[in-house]
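Let's have the full structure, built from the sequences with the hints guiding it.
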Amino acid sequence: MELHQIRNFSIIAHIDHGKSTLADRLLLTCGAITQREFRNQILDDMDLEREMGITIKANRCTLDYQYKPAADAKRPAKAGKYLLNLIDTPGHVDFHYEVSRALAACEGVLLLVDAAQGIEAQTLANAYKAVESGLEIIVVINKIDLPAARPEDVAIELEQVLGLPAHEAIFASAKTGVGVNEILAAIIERIPAPVGNPNGELKALIYDAKVDVHRGIACHMRIIDGELKRGDRIRLMAAGQTYVANDIGVFRPKITSLQSLKSGQVGYLFGGIKTIHDVNIGDTITLDAHPCAEALPGYQPPQQMVFCDFYPGPGTTSPELRESMEQLWLNDSSFNFAPVASSALGTGFRCGFLGLLHMKIIQERLERESDIDVVQTAPTVAFEVVLKGGQVKMIESPAELPNMDKVEAIREPYVKSEIIVPTKYIGAVMQLSEERRGRYKRTDYLSADRVVLVYDFPMAEVIYDYFDRLKSVTSGYATMDYEMIGFREDDLVKLNILVNGAPVDALGLIVHRSRAEYRGRKLIARLRKEIDRHLFDVPIQAAIGSRVVARETIKALRKDVTAKCYGGDVSRKRKLLEKQKEGKKRMKQIGSVSIPQSAFMAVLDSSDG
Amino acid sequence: MANTNENSTIGIGWYVHLPFCRTKCGYCDFYSLPTVSSLIPDLVRAIVGEIDLRMPNRPVRTIFVGGGTPTELPAENLDELLEAIGRMAGAAVSEWTVEANPSSASDLKLDVLRRRGVNRISFGAQSFFPEDLAVLERIHDPSHIPESIDAARRAGFDNVNLDLIYGIPGQSMQRWRESLARAIDLGTDHLSCYSLMYETGTALTKFRDQGRVTPCDESLEADMFEATIDVLANAGYVQYEISNFAKPGRRCEANLIYWRNEEYLGVGPSAVSYLDGLRRKNIVDVRKYVNWMAGQPDDLVVESESLTPMARAAETAIQMLRLIEGIDRTHFIAATGFDPISLFADALSETTTAGLVEITPTHIRLTRRGLLLSNYVMRAFLSAVEDENPTRAPTQQFVTLQIEKT
Numbered sequence: 029m030e031l032h033q034i035r036n037f038s039i040i041a042h043i044d045h046g047k048s049t050l051a052d053r054l055l056l057t058c059g060a061i062t063q064r065e066f067r068n069q070i071l072d073d074m075d076l077e078r079e080m081g082i083t084i085k086a087n088r089c090t091l092d093y094q095y096k097p098a099a100d101a102k103r104p105a106k107a108g109k110y111l112l113n114l115i116d117t118p119g120h121v122d123f124h125y126e127v128s129r130a131l132a133a134c135e136g137v138l139l140l141v142d143a144a145q146g147i148e149a150q151t152l153a154n155a156y157k158a159v160e161s162g163l164e165i166i167v168v169i170n171k172i173d174l175p176a177a178r179p180e181d182v183a184i185e186l187e188q189v190l191g192l193p194a195h196e197a198i199f200a201s202a203k204t205g206v207g208v209n210e211i212l213a214a215i216i217e218r219i220p221a222p223v224g225n226p227n228g229e230l231k232a233l234i235y236d237a238k239v240d241v242h243r244g245i246a247c248h249m250r251i252i253d254g255e256l257k258r259g260d261r262i263r264l265m266a267a268g269q270t271y272v273a274n275d276i277g278v279f280r281p282k283i284t285s286l287q288s289l290k291s292g293q294v295g296y297l298f299g300g301i302k303t304i305h306d307v308n309i310g311d312t313i314t315l316d317a318h319p320c321a322e323a324l325p326g327y328q329p330p331q332q333m334v335f336c337d338f339y340p341g342p343g344t345t346s347p348e349l350r351e352s353m354e355q356l357w358l359n360d361s362s363f364n365f366a367p368v369a370s371s372a373l374g375t376g377f378r379c380g381f382l383g384l385l386h387m388k389i390i391q392e393r394l395e396r397e398s399d400i401d402v403v404q405t406a407p408t409v410a411f412e413v414v415l416k417g418g419q420v421k422m423i424e425s426p427a428e429l430p431n432m433d434k435v436e437a438i439r440e441p442y443v444k445s446e447i448i449v450p451t452k453y454i455g456a457v458m459q460l461s462e463e464r465r466g467r468y469k470r471t472d473y474l475s476a477d478r479v480v481l482v483y484d485f486p487m488a489e490v491i492y493d494y495f496d497r498l499k500s501v502t503s504g505y506a507t508m509d510y511e512m513i514g515f516r517e518d519d520l521v522k523l524n525i526l527v528n529g530a531p532v533d534a535l536g537l538i539v540h541r542s543r544a545e546y547r548g549r550k551l552i553a554r555l556r557k558e559i560d561r562h563l564f565d566v567p568i569q570a571a572i573g574s575r576v577v578a579r580e581t582i583k584a585l586r587k588d589v590t591a592k593c594y595g596g597d598v599s600r601k602r603k604l605l606e607k608q609k610e611g612k613k614r615m616k617q618i619g620s621v622s623i624p625q626s627a628f629m630a631v632l633d634s635s636d637g
Numbered sequence: 545m546a547n548t549n550e551n552s553t554i555g556i557g558w559y560v561h562l563p564f565c566r567t568k569c570g571y572c573d574f575y576s577l578p579t580v581s582s583l584i585p586d587l588v589r590a591i592v593g594e595i596d597l598r599m600p601n602r603p604v605r606t607i608f609v610g611g612g613t614p615t616e617l618p619a620e621n622l623d624e625l626l627e628a629i630g631r632m633a634g635a636a637v638s639e640w641t642v643e644a645n646p647s648s649a650s651d652l653k654l655d656v657l658r659r660r661g662v663n664r665i666s667f668g669a670q671s672f673f674p675e676d677l678a679v680l681e682r683i684h685d686p687s688h689i690p691e692s693i694d695a696a697r698r699a700g701f702d703n704v705n706l707d708l709i710y711g712i713p714g715q716s717m718q719r720w721r722e723s724l725a726r727a728i729d730l731g732t733d734h735l736s737c738y739s740l741m742y743e744t745g746t747a748l749t750k751f752r753d754q755g756r757v758t759p760c761d762e763s764l765e766a767d768m769f770e771a772t773i774d775v776l777a778n779a780g781y782v783q784y785e786i787s788n789f790a791k792p793g794r795r796c797e798a799n800l801i802y803w804r805n806e807e808y809l810g811v812g813p814s815a816v817s818y819l820d821g822l823r824r825k826n827i828v829d830v831r832k833y834v835n836w837m838a839g840q841p842d843d844l845v846v847e848s849e850s851l852t853p854m855a856r857a858a859e860t861a862i863q864m865l866r867l868i869e870g871i872d873r874t875h876f877i878a879a880t881g882f883d884p885i886s887l888f889a890d891a892l893s894e895t896t897t898a899g900l901v902e903i904t905p906t907h908i909r910l911t912r913r914g915l916l917l918s919n920y921v922m923r924a925f926l927s928a929v930e931d932e933n934p935t936r937a938p939t940q941q942f943v944t945l946q947i948e949k950t
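From first to last, the protein sequence lines stand for chains A and B. Residues in the first sequence are numbered consecutively from 29, following this note's numbering. Residues in the second sequence are numbered consecutively from 545, following this note's numbering.
A hint or two may mislead.
[As the list claims (entries may be wrong)] With a Cα cut of at most 30 Å, we get these calculated DSSO-like pairs of lysine-lysine: (1) 832(B) - 592(A); (2) 434(A) - 469(A); (3) 603(A) - 750(B); (4) 825(B) - 607(A); (5) 601(A) - 791(B); (6) 750(B) - 607(A); (7) 750(B) - 825(B); (8) 750(B) - 612(A); (9) 616(A) - 522(A); (10) 102(A) - 791(B); (11) 609(A) - 825(B); (12) 557(A) - 750(B); (13) 609(A) - 750(B); (14) 583(A) - 557(A); (15) 282(A) - 203(A); (16) 469(A) - 157(A); (17) 499(A) - 444(A); (18) 825(B) - 592(A); (19) 601(A) - 832(B); (20) 583(A) - 825(B); (21) 157(A) - 444(A); (22) 568(B) - 587(A); (23) 750(B) - 583(A); (24) 587(A) - 750(B); (25) 568(B) - 832(B); (26) 238(A) - 825(B).
Hints are computed from structural coordinates only; laboratory data are not their basis.
Here it is in C-alpha cells:
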C-alpha cells in the first residue's frame, strides 16, 4: 500500500454529539464489523465509558474503502482501494492531552456537531486543537434526522466562529447512515495523504499505549518513515530501551497481525514491554541496528492539575488500596500518587489528576475493578509558593504549605474558560463568575441567541463548585471548557479548621482571603452536623493563623438514657448499644473528640449543598 | 431447694403478657391490639396450656401480669386465668403484680385480683394533665387516677404503683412537678417515672419525624429527670433504678429479676423468657398464638439466643448498672464467673475519670451524672468484652477466685 492510498483521521466532537455512533457507522460501511456487531459505541470498551457516555481512552481502527469519485466531485482523487486509519479521541475537557496525542498521528479530522444542539464548548476546544495542529477539518453536522435539527444554522455558526466554510459541511445521520458515503469520499478527497519516506530509517511515533491482559503492553504507533518488520529489534529512543517486535499489526478493529508496517500506517507493536511506564507516550521507535538520526518532537507529559487524597474506606486496608492503585496505574499513565498520612484519615495516597472527571473516573475504576472502598478528600489545585529569598516551591496540598513567615507570596493556577450559553442566561453566568473571582475577557456571539463568554478563572474556584453552580443557574444549558494558562499571585491564605482547639489537617484549605469566611462558615456548619455531642462542649473554628473567622459550638451531651428496660428489652437493648459502639469505634480521634469518617466525607464533598 | 447460693435470691419470676388494650397509645411499642372478645377464652386456655408445658421445676418468687391491659379482660376470664396461674405457681410467690389502666379497674375486677392472690397493682397513670394525656393518646381522664387508687385501697391493695411520663411534647417543668406532687399526695407506694421514648414504628415517632410533634428539649428533659430524683427523695421514696422509686420495702421484686439478669419464664404472645442461659421470644401474633396447641411446642418460639459467657457477663453488667446500688461485685462473680473490676478495667478507667462511675468496696455504680449518661457508660462496658479473649476464660477465673476465698 502506497502512501497516497492512506488517510489518517480522527473524529472530534462535544460529548453526546454522536462520535461513537459515527465511528461504528464508518466501520459498518467499510465492512470492518457486521450489521450484527453494529451496536452503539462499539469502540468504547470500558463499562464506565459506556455508563458515563464518554470516551476516555482513545481508540482506533483500520478500514478498507473502495473509492470511486462521484460525478460532481470537486476535487476527485484517484479511484481505487484506500486504507483509512480512524484514531478515535476522548471528548472530555480533562482529556485534552489525549486528544492532542491522537491528533498528532493524523492529517485530518471530522468535526462532528449535533444538528440540534449546535456548537458546544468542547466543539470549540477540540476544533482549536485541530487548527493548531494544522489539520484538515471536515465539518459533519450529525443527527439531521432529529425533529429539532437545524443543520444550516449550525453550519453558519461554525463558519462565523471557526471560519469553516458552511457550504462544505456534510449533513449526516450516523444513526440512519445518511451522508456516510459523502463523509468517506471527503476523507479521501480532502484529507492529505501522509508524508513520509518509505525508504528511510524507521521512525515511528508512539501516540498511545495500552495494557493487554494476556500479552503485556501494546504500543499504538504511527509509522512516519521507513518500515517495521516482525522480529526487528527496535529501540525506544527517549527511554533508551530495546525490545524485539514480537508482534505487529493493525486494528480491524480487533488486532490483526501483519508481517510489516510501512510509512504512513497506523498500528500496534507488542515487544515484551512490562508496564505502561516503560513507554513514554510521544517517544520515537527506531531500529536498533539502523537508528534514525533524530527523534520526533514528542509530547509534553500530561500535567496533573487536580489533587486529592484517596484513603482506604471501611473494609479496605491501606495495602489493598496501594495494590489496586498500582494495578490501575499500569493502565493509566495520566495520574500519579504518593503515600500520605493524615491524623484524621490514616494512611492514604495523594493523587494528581488531569481534572475532576478524571479523578472521578479513577476512583470509580478503583472501586469497580478491585472491589475496594475509596474515601476521597476534597479536590484541590497545586499552588506555587514563593519563599522569601525568591525560591519557588510547588505544593499539591495545603498541608505542605510552609510556615507563613517564610512565604513571600502564593500563586494559584488560572484557566481560560469558554462558556457557551443561551443569551438569556448571560446575566446569571456573569454574576456567578464574578462571585467566583472570574476575570471577564469577552463575549462572542454564535448566533442571535447563543454566546461564548470568555473568562479567566482561578482553577480552584472551577473545581470547587463552579461547574455545578453553572449548570444550576443555566438550567443545564451551559457548556464549558477550560485550559490552563499559568499561575497568578493573589491574596491567598491558609484556612485551618480546629476541633476543640486541635487542627484537622485533612480539612485545611488554601483560599482567597475574600472567600475565607464564607468557605469557613460553610465547612464548620457542615462539620457541626456530623459530629456527635460529647461529654464536654466542642468548639469548632475556622481560623487564618490565630484569627478565628468562624465558630460553632457543639454543646455537651447531658442526657443519654434508656428510660425503660425490662425482661423483653434486654437483648434488644444490648444489641442497640453494641451497634452504636461499633459506630463509635470507626471514628477518628482528633484530640479528645471522636469524629466519624462520614463527617470528613460530608464536609469534603465539594457540592454546594 | 436446688439453688443454695446465698448471693442469689431463691426462685424465678413469671411474666404473663395479655396483649389487649381498648385503644393503642401513640408512644407504645409493646405488642398490643384492640380487644378481640371472641379470642379471649382461647387466649386464656393457650396461656394456661403454655405455663403447664413450660414451667420449670423451680419455685416461683414473683408473678407479673402485664400487657396490653390485663384488666381489659372480662372479670370471669380474668378470674379463670388468675386462678390457674396462682394454682400452678404455688405457695412461694411473694409478689404478684397486675397492670391496669385507671379507667378499666372496676371494683369487681379488683376483687377478682385480690381473691386470686394479686398483692400489687400498677396503674398506667402517665400524667395528671389532660393536655399530656392527649399527646400520649391515653384514654383515661386525670380524675380516674385517684378514683382507681381509692378503689384499689378499698379492695385491699397495700402496694400500688403509678407509671408517670415526663419529657412529653408541650409539658413544662411546672406541670411535671405538679404530676409528681399529685402522685405523692395519693400515697402511692411505688413510682416508675420514664422519660418519653420515641420507639421505632410508633405513631408518635412518625409524628415527630413528620414535624407534627416537637420533642422536649434535651436540657429540659435532663432537668426534669434530676428534679424527679430530688422531689421523690424528699418525699421518702428511694430511687433504686434509673426510672424506679419506692417507699421502703416496696421495690418491685419482679423487675429486680430483670435488672440482675436472673431467670424468668415469659408466657403469652410476644413474651420473652430467660431460662438456663437461653433467651427466647414467643410468637407475636395473638391469633397464631392461641392456636399453638394445635401444632408443635416449637411453633411458639420466634427467636432464641444462647448467650456466650462473655455476652452474658456484658448483659448482666449493663442491666445491673441500671440499679442505683450498681453492680454487686460478689453477686456478679457468682452469676457470671467474671470479676467485673478486671473484665471492665478499661471502661472503668475511662468512666470513673469522666466522673460517670464510682467504685466502692462492694459495688460499681453510676454517679448522678452517670445516671443521665448511662448509655454512654454501658457502651464503654460493652467495648470491654467485644473480643472473646481466651485468657479471660470465665471458669478459670471463677476457680481462682474461689481458691482465694478459702
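Against the structure, the hints come out as follows:
no., hint, result
1, 832(B) - 592(A), "holds (28 Å)"
2, 434(A) - 469(A), "violated (35 Å)"
3, 603(A) - 750(B), "holds (23 Å)"
4, 825(B) - 607(A), "holds (21 Å)"
5, 601(A) - 791(B), "holds (28 Å)"
6, 750(B) - 607(A), "holds (23 Å)"
7, 750(B) - 825(B), "holds (26 Å)"
8, 750(B) - 612(A), "holds (27 Å)"
9, 616(A) - 522(A), "holds (23 Å)"
10, 102(A) - 791(B), "violated (111 Å)"
11, 609(A) - 825(B), "holds (25 Å)"
12, 557(A) - 750(B), "holds (22 Å)"
13, 609(A) - 750(B), "holds (26 Å)"
14, 583(A) - 557(A), "holds (12 Å)"
15, 282(A) - 203(A), "holds (23 Å)"
16, 469(A) - 157(A), "holds (20 Å)"
17, 499(A) - 444(A), "holds (18 Å)"
18, 825(B) - 592(A), "holds (18 Å)"
19, 601(A) - 832(B), "holds (26 Å)"
20, 583(A) - 825(B), "violated (40 Å)"
21, 157(A) - 444(A), "holds (15 Å)"
22, 568(B) - 587(A), "holds (28 Å)"
23, 750(B) - 583(A), "holds (27 Å)"
24, 587(A) - 750(B), "holds (22 Å)"
25, 568(B) - 832(B), "holds (20 Å)"
26, 238(A) - 825(B), "violated (61 Å)"
Violation of the numbered hints given earlier is confined to hints 2, 10, 20, 26; the remaining hints are satisfied by the structure.
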